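Counting with the numbering used here, you get residues 77 to 263 for the letters of the sequence shown.
One thing to keep in mind: the hints can contain errors.
[What the hints assert, rightly or not] Okay, the calculated beta carbon distance ranges per label pair: (1) 235 x 82: 57 to 65 Å; (2) 193 x 86: 29 to 37 Å; (3) 241 x 113: 43 to 51 Å; (4) 234 x 113: 55 to 63 Å; (5) 117 x 259: 34 to 42 Å; (6) 123 x 169: 43 to 51 Å; (7) 204 x 224: 34 to 42 Å; (8) 193 x 249: 20 to 28 Å; (9) 217 x 242: 16 to 24 Å.
What the hints contain is simulated information worked out from the structure, not anything from laboratory work. None of the values given here were measured: they were computed from a predicted structure. Note that beta-carbon positions come from the ideal geometry of N, C-alpha and C, so glycine has one too.
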Amino acid sequence: DLEGLRFDLRFLANNFHAIRQRRIADLDISGDLRLTDRFTNARLGGSLTIERGTLFLQDQPQKDLVALDDPDFRNVVDVEELESRGVLRGRRVADQLVENLTVDNVSIVIGDEVWLRSAAANIKLGGTVDMLRSGDRLALSGTVTANRGEYRLDLGLVQRRFDVTRGELRFFGESVINPALDITAVY
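Work out the full structure: start from the sequences and follow the hints.
Structure representation (structure tokens):
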């Protein structure tokens with residue numbers, strides 16, 4: 077019975093290697109998070125620091141993701157059979173937890189050794205953002221800085237290398253992640 081489930085969990089990390097996914101990120105984090113209250117009204121608070129690592133930016137999307145409740149997916153896959161076998165239960169429980177979650181401005185600090193990399197970019201990041209709830213989605217608010225780096229523009233016949241001297245990505249707490257960009261680069 078999930079309705080009766082209560083949380084009082086504290087997550088402490090010190091240079092924890094949180095993720096190593098070649099196309100997504102390779103990050104070490106430290107922090108103190110707390111998940112409390114009932115399953116139907118869980119609260120997350122605390123702070124995280126991304127100590128070091130790399131966020132990978134894909135120049136071209138590699139895959140199209142399909143939601144499990146997409147009608148086209150349901151036409152091809154017997155979702156009811158998967159549900160009856162409990163295959164989708166864990167996903168649905170996690171979705172319910174996030175759907176009911178109250179996020180109390182979880183602060184995310186970007187440490188001194190964090191980089192954004194792609195085939196065209198190699199940029200050192202910094203700054204602080206807060207993770208919060210915006211409607212039914214998680215959102216970011218705050219500023220990520222581009223402290224230095226390089227960007228290679230490749231237009232086929234024309235190729236240029238730019239030195240990134242400064243920059244900001246400002247997040248406004250909206251449910252769609254669409255930051256305002258202000259980047260200075262010199263050719």
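Okay, the hints, checked on the actual structure:
no.: 1; hint: 235 x 82: 57 to 65 Å; result: 58 Å, holds
no.: 2; hint: 193 x 86: 29 to 37 Å; result: 33 Å, holds
no.: 3; hint: 241 x 113: 43 to 51 Å; result: 46 Å, holds
no.: 4; hint: 234 x 113: 55 to 63 Å; result: 57 Å, holds
no.: 5; hint: 117 x 259: 34 to 42 Å; result: 41 Å, holds
no.: 6; hint: 123 x 169: 43 to 51 Å; result: 26 Å, violated
no.: 7; hint: 204 x 224: 34 to 42 Å; result: 18 Å, violated
no.: 8; hint: 193 x 249: 20 to 28 Å; result: 27 Å, holds
no.: 9; hint: 217 x 242: 16 to 24 Å; result: 21 Å, holds
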